[in-house]
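Undergrad: Sequence:
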Amino acid sequence: MSEGDGLDWSAVRTHIAKYAQTSNGREVLLSLRPLQTLSEVHWSLEAITENNVLDSEGKNLTLKGVHDFSAHMSRAAIGVVLENKELLLIANSVEQISQTARTLFRIRKTAPTLASLEPELDEATLTAGEL
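Heads up: the sequence shown begins at 1 in my numbering, then just goes up one per residue.
Derived by calculation from the structure, the hints in this document are not laboratory data. Keep in mind that a hint or two might mislead.
[Claimed, not checked] Pairs of lysine-lysine residues, derived as BS3-like cross-links and limited to a Cα-Cα distance of at most 25 angstroms, are as follows:
| hint | residue 1 | residue 2 |
| --- | --- | --- |
| 1 | 109 | 59 |
| 2 | 64 | 85 |
| 3 | 18 | 64 |
[As the list claims (entries may be wrong)] What follows is a list of derived Cβ distance ranges for each label pair:
| hint | residue 1 | residue 2 | range |
| --- | --- | --- | --- |
| 4 | 12 | 64 | 19 to 29 angstroms |
| 5 | 87 | 123 | 20 to 30 angstroms |
| 6 | 41 | 8 | 15 to 25 angstroms |
| 7 | 110 | 78 | 43 to 53 angstroms |
| 8 | 27 | 65 | 13 to 23 angstroms |
| 9 | 6 | 83 | 41 to 51 angstroms |
Just so it is clear, CB atoms sit at the ideal spot from N, CA and C, and this is done for glycine as well.
Can you build the whole structure from these sequences, using the hints too?
TA: Right, here's the structure in full:
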């Protein structure tokens, strides 16, 4: 199915992007495309199944509480001293990303598809954590 078939993917992406918590997340959501291969569909369905099982066990994978701190980081990069509340926002966001990455590592045997995302979160944490 090409992107022009069926759904208006531009409208779908725009709608989903409204729920992004960060500018990077919004960019990713705005670049979504329909799944192209059967292996992509299988991977996605497996990830959804694993997430549903984890959710039913009370193991919630979430990035809730992560805030967009890119403007703060840009200011810090040019030598602006950040206020305590800005530093706390950054620290809490990085901690939430790290906590989710640790959860993905712990569940690697029972939810290998989701756990495969852990290196991406680790990389995001390292990039975000460079002050």
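Undergrad: Against this structure, judge whether each hint is valid.
TA: Now the hints, each set against the structure:
no.	hint	verdict
1	109 x 59	holds (14 angstroms)
2	64 x 85	holds (18 angstroms)
3	18 x 64	holds (15 angstroms)
4	12 x 64: 19 to 29 angstroms	holds (22 angstroms)
5	87 x 123: 20 to 30 angstroms	holds (22 angstroms)
6	41 x 8: 15 to 25 angstroms	holds (20 angstroms)
7	110 x 78: 43 to 53 angstroms	holds (45 angstroms)
8	27 x 65: 13 to 23 angstroms	holds (20 angstroms)
9	6 x 83: 41 to 51 angstroms	holds (48 angstroms)
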